Amino acid sequence: MNCDKVRKTLSIVLGRGLGAFDGISEHLAQCRECSDYAQELSVVRGELRNLPMRLPPARLVTQLQVLASREHLRRISRGTLRAMVHFWAAELRFFFDNLMRPFALPFAGGLLSALFLFTMLAPGLPTRRHISNDVLLSGIFGQSQATFDALPPWGLGEDDVVVLVTLDKDGSVMDYSTIPSNLNAKMRNDIANMILFTKFQPATEFGMPVASTLLVSFRRDSINVKG
Amino acid sequence: MASSVLGLNSDGEPVGATARLRTESTGQREDDELVRRLRAGDEAAYEDLLSRFQQPVYNLAYRLLNDPGDASDVVQEVFLKVFRNVSHFRRQSSLKTWIYRITVNEAHNQRRWFFRHRSREVGLDDEPEQIHTRNVPDSERSPFDCTFDREKHELIESALGRINPLFREVVVLRDVEDLSYEEIAEVLQISLGTVKSRILRGREALRQELTARLEPQPAWRWAPE
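Chains A and B supply the protein sequences, listed in that same order.
So the first sequence is numbered by my numbering: it starts at 14 and just counts up by one.
So the second sequence is numbered by my numbering: it starts at 27 and just counts up by one.
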């Protein structure tokens, strides 16, 4: 075995063994140059094997953990159809949240500024008031007293009398009392007939009929009404 | 005498070969279990994969690229591909071989990208990144020994970085990562003969680099009259 062949084989021998390469041991024992060459190769290989292990930087370790966590979440989210829908819904919501977030502060600031300016400037703004077109609200929001429409054609007897009539909200007479109270039977009968054939209008409050009282004064020749 | 020179045991077998065969089946079972858990989305499996491979992958990437920043980028790309493609892993090779293949390919890509883009850039920070090593300070050793070892390692790493990247790959996989020829052929997807040839030429190139650096330079020489 010549030196060239030994040197070409030495590299394989370094990793395998001499069993399959019988002639090499003898050649190395005889050839000084090849022995030195083998020695150098062995030293180089030994030094390569003794190189210190390079440890990953702490930042890389953290980045890898983040990457693993993200990829784990990604794999889980694509496991089932339901998980996929949930995942994409969350992603979409997150996307829109992030999309709107830059506008939130300018929008809020603009709205508050507009409100502030409006409240500051509105009282001083010139406005035209059309009072003539206004609808009077007194009929709706005011009050009115109870009245009656017409008295029967017959009159009372000989004396003057005052009658206090109590009406409900429909205008029906609930009760009445007379002054003086000690009237004779004919007079009481005349007053009762008079009230029976008289049509009353109830008082109103805010446009709505309410229960009320009506004071009616009868004289021989005239009738005075006071609500 | 030749056996001791070549680093072989008394039977002519490389040291550690028997132990490697013994643990191969156990390693295969662990790989299968880890892959199954990764496919099932087990969170602890991600942690296990990282704790098992992040250091050797970074070490390999660093040796191939000789730059800590590039090595970090490559490691992230490697694990991203592993996480996303573990369901496509067909178990035709070991998990370690598969991950190493991805690492070598990514290192190729990074090197190509470097030559296209970053070779024209000028770095602003001249401060070298702190180098983390596994070496534990030994109180028994003298400062001279420590300095000598450190310089020796720097010299070898420097020489390793100067040889052809094709040769560097096989030398690193064989002598640093301790892969078998067959595993290297799987990782690089080349024939066994090519692996042997590249290892031979890589070691020779490395030897020449180191010899050239270690030859004593004369402090002075006679100038011709």
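It is worth saying that the hints were derived from the structure and are not from the lab.
Warning: the hint list may mix true and false statements.
As the list claims (entries may be wrong) - Restricting the straight-line Cα-Cα distance to at most 30 Å, the calculated cross-link-like pairs of lysine-lysine (DSSO-like) are:
{"no.": "1", "chain 1": "A", "residue 1": "K182", "chain 2": "A", "residue 2": "K212"}
{"no.": "2", "chain 1": "B", "residue 1": "K178", "chain 2": "A", "residue 2": "K21"}
{"no.": "3", "chain 1": "A", "residue 1": "K18", "chain 2": "B", "residue 2": "K222"}
{"no.": "4", "chain 1": "B", "residue 1": "K107", "chain 2": "A", "residue 2": "K21"}
{"no.": "5", "chain 1": "B", "residue 1": "K222", "chain 2": "B", "residue 2": "K122"}
As the list claims (entries may be wrong) - Quick list of the computed label-pair ranges, beta carbon to beta carbon:
{"no.": "6", "chain 1": "A", "residue 1": "R87", "chain 2": "B", "residue 2": "W139", "range": "44 to 54 Å"}
{"no.": "7", "chain 1": "B", "residue 1": "G187", "chain 2": "A", "residue 2": "T93", "range": "12 to 22 Å"}
{"no.": "8", "chain 1": "A", "residue 1": "R91", "chain 2": "B", "residue 2": "S51", "range": "26 to 36 Å"}
{"no.": "9", "chain 1": "A", "residue 1": "R83", "chain 2": "B", "residue 2": "E56", "range": "19 to 29 Å"}
{"no.": "10", "chain 1": "A", "residue 1": "L86", "chain 2": "B", "residue 2": "Q234", "range": "48 to 58 Å"}
{"no.": "11", "chain 1": "B", "residue 1": "G53", "chain 2": "A", "residue 2": "A71", "range": "25 to 35 Å"}
{"no.": "12", "chain 1": "B", "residue 1": "L218", "chain 2": "A", "residue 2": "R87", "range": "50 to 60 Å"}
{"no.": "13", "chain 1": "B", "residue 1": "K107", "chain 2": "A", "residue 2": "A102", "range": "23 to 33 Å"}
{"no.": "14", "chain 1": "B", "residue 1": "S51", "chain 2": "A", "residue 2": "L86", "range": "33 to 43 Å"}
{"no.": "15", "chain 1": "B", "residue 1": "D68", "chain 2": "A", "residue 2": "S126", "range": "49 to 59 Å"}
{"no.": "16", "chain 1": "A", "residue 1": "M66", "chain 2": "B", "residue 2": "L218", "range": "50 to 60 Å"}
To be verified - Coverage of chain B stretches by chain A, computed from C-beta distances (three or more under 8 Å per stretch; other residues unrestricted):
{"no.": "17", "stretch": "68-74"}
{"no.": "18", "stretch": "121-132"}
{"no.": "19", "stretch": "172-184"}
{"no.": "20", "stretch": "207-220"}
These figures come from a predicted structure and were not determined experimentally.
Note that beta-carbon positions come from the ideal geometry of N, C-alpha and C, so glycine has one too.
Cross-check of the supplied hints:
Taking the CA atoms of K182 (chain A) and K212 (chain A), the gap is near 13 Å; set against the 30 Å cutoff, the hint holds. Distance restraint check for K178 (chain B) and K21 (chain A): the Cα-Cα separation of roughly 27 Å lies within the 30 Å cut-off, and the hinted pair is therefore satisfied. Simply put, K18 (chain A) and K222 (chain B) have alpha-carbon atoms about 14 Å apart, close enough for the 30 Å limit, and the pair holds. Distance restraint check for K107 (chain B) and K21 (chain A): the Cα-Cα separation of roughly 38 Å exceeds the 30 Å cut-off, and the hinted pair is therefore not satisfied.
Straight-line distance between C-alpha atoms of K222 (chain B) and K122 (chain B) comes to about 21 Å, which keeps the hinted pair within the 30 Å bound. The beta-carbon spacing between R87 (chain A) and W139 (chain B), approximately 26 Å, falls outside the hinted interval of 44 to 54 Å. For the pair G187 (chain B) and T93 (chain A), the supplied restraint of 12 to 22 Å is violated, since their beta-carbon distance comes to about 49 Å. Between R91 (chain A) and S51 (chain B) the C-beta distance comes to about 33 Å, which sits within the given range of 26 to 36 Å.
At roughly 25 Å, the beta-carbon separation of R83 (chain A) and E56 (chain B) lies within the given 19 to 29 Å, and the hint holds. For the pair L86 (chain A) and Q234 (chain B), the beta carbons lie near 51 Å from each other, so the given range of 48 to 58 Å is met. For the pair G53 (chain B) and A71 (chain A), the beta carbons lie near 28 Å from each other, so the given range of 25 to 35 Å is met. The hinted window of 50 to 60 Å between L218 (chain B) and R87 (chain A) is violated, with their beta carbons roughly 39 Å apart.
Taken as a hint, the range 23 to 33 Å holds for the pair K107 (chain B) and A102 (chain A), whose Cβ atoms sit roughly 28 Å apart. Taking the beta carbon of each, S51 (chain B) and L86 (chain A) are about 34 Å apart, inside 33 to 43 Å as hinted. The given range of 49 to 59 Å is respected by D68 (chain B) and S126 (chain A), whose C-beta atoms sit roughly 54 Å from each other. Roughly 27 Å separates the CB atoms of M66 (chain A) and L218 (chain B), a value that falls outside the hinted 50 to 60 Å.
Coverage of the stretch 68-74 of chain B by chain A holds [criterion: at least 3 residues with CB-CB distance below 8 Å; count 3]. By the rule of at least three residues with a Cβ nearer than 8 Å to a Cβ of chain A, the coverage given for the stretch 121-132 of chain B is violated, with 0 such residues. Given a C-beta distance limit of less than 8 Å, the hint that chain A covers the stretch 172-184 of chain B holds, as 4 residues qualify and 3 suffice. Beta-carbon proximity to chain A at under 8 Å applies to 1 residues in the stretch 207-220 of chain B; the threshold of 3 is not reached and the given coverage is violated.
Violated hints, listed in ascending order, are 4, 6, 7, 12, 16, 18 and 20; each of the other numbered hints is respected by the structure.
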